[in-house]
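Residue numbers (the working numbering), protein chains in the order written: chain A, 1 to 291; chain B, 292 to 609.
Okay, the calculated beta carbon distance ranges per label pair: (1) B:A305 - A:Y86: 42 to 50 angstroms; (2) A:L269 - B:L431: 20 to 28 angstroms; (3) A:V82 - B:A488: 41 to 49 angstroms; (4) B:I493 - A:N124: 49 to 57 angstroms; (5) B:K293 - A:D167: 52 to 60 angstroms; (6) B:N320 - A:L140: 51 to 59 angstroms.
If you are wondering where the hints come from, they were derived from the structure by calculation, not from laboratory data. The C-beta atom is built at its ideal place from N, Cα and C for all residues, glycine as well.
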Amino acid sequence: MTYPPEIVAEAVVGGLLTGSVYALVALGLTLVYGVLHIINFAHGALLTCAMFAVWALVTFTGISPYTAIIPLAVVFFAVGYVLQRYLIGPASHGDDSNILLVTLGLSIAIENALLATFHADTRNLDGDFGFQVVEIGPMLISRPKLIGFAASLIVAGLLWLLLKRTDTGRAIRAVAKEKLGARLMGIEVGHIFGITFGLGCACLAVAACLLMPSFYVNPRVGNAFVLVAFTIVVLGGMGSVPGALLGGLFIGVVESLGGLLLGDSLGQLGIFIIFILVLLFRPTGLFGARA
Amino acid sequence: MKRSEWLFLVALLAALALVPLLASNLVINFLVTALIVALAALGWNILGGLGGQISFGHAAFFGTGAYVTELLQLRLGANAWAAAVAGIAAGALVGLAIGAAVFRARLRGSYFALVTLAFAEVLRILANALDVTGGASGLLLPLQPGAAHFQFDQRSVFAWIGIACVGAVLLLTRHMMNSRFGAHLAAVRENEDAARALGVDILATKLRAITLSAAITAAAGVFYVQYFLYLDANIGYGTWISIEALLAAIIGGVGTMAGPLIGALALHGLGELTRGFAGSITGIDLVIFGLLLVAAIAFAPAGIVGAWKRYVGGRRNA
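Please model the entire structure based on the sequences and the hints provided.
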């Protein structure tokens, strides 16, 4: 069965746009992995949390989801810092598999606390976001998705600049490379861990603001993102910012084309199979990652 | 294992066996569900506790056991007991296959956890989409009470079979822990490189562990489907059973023999209590479970069993 080229093109473009927001979610994850060398299993639940925060802010105060970006990013940065510094760090005694289990426990607690508060209903933002489209050539592109794409690229660029050009960024990279050496140079490792985790959560807050106009939220929505984000992270190479960006765009296209060819229920299959294959055969990732 | 612990376990199982004689159907139902989770957790503990390979995807084995048992009866008219044996064997085979792929690629730690989760999700999506597994509407096993069909009018019979299964697996675990294989597995858990240097075949040890672990968890799946007579992708391959098996084993006492059983009973007891207090608020019990997991890792790494031993040891020394 063949599809007309404009439908395929539209699927590819749609996939790229969705993929850019996936990339933003994955960016937070890969940052935490690259520095703390831990897998934050609560990433999906924290994203769900951020999406509910956007929904509540927009619904009850009437501000635009794009205005919410800055305040929410600040709040989530603080939440992430506190979580890592005062809960995840102390509770896991510095052991990797403990961190995995602690974040799993957190994700179960957060997800079900949201379920208890908001019930299982699916919620959207009110307004006409769904009908806003931009015509590009023969294609109709959703405007919120286009904004999401541009904003994701900007945030990824800012993050990259922060890591490369600021003192905090240098400290983060130093801790990622050599924890003990960084400590000896007077860097407070616990503080940097907290900052990194906070930045990861701030990425989630931005992603949530960009997602909500074209997506929905329910207490389990993070689950759909978390394995996708992990796939992107391993695909791009754990800890690599450009890798996460490329990986995100690639996975977005795979999902979109998979959905077109196989239908929605099987479309996700491609992502998991890529995840398994990459981990089995190229655990260092595909895009320019160093072992 | 000390004699007093062994006596305690026998007494616990005997006490559980008395419950169906005295209690209402509701309580027996609670007991059977807890026993199913205990069985799955005992399986998880072989790989995750004794072998140190933490899996997030034991649903892959639970679901395979359940689906194979049900499908053989529904589609081929197989005898229920034969189907149950086939279900357990199929679960073990899936364990062996996943293990062969994953351990050969030397994935461990967090990578192992994530890849097992991905395997379970692949199976869930397939079972949800394919016609042979009934798709999203699931499969109903027709009610045919009778010992020949592995179905019983009396819930208490299920409870006793469950207790017998748990007892058998506990014996098996003890035998395993005292065997050469058990020693190899402990060596792999504590330090893989050192174990390799001492001549332990790492791959073979891990493969045996995951196969055995998968078989036991598959048995829990078989038991589930014979008891509830209904199965869909989110039950069989859903994350709930992966998580509950892990929670029960870790909160009960990871790597200990009795931990998974005690953990399953404690968690389900606590779940009933919170539901009793908090009424119809869905999810509140799982909030507590999640926080308990964090607390267990932070304060009681050897779970309830470890904390108890420390308490008793402290009193004896005082």
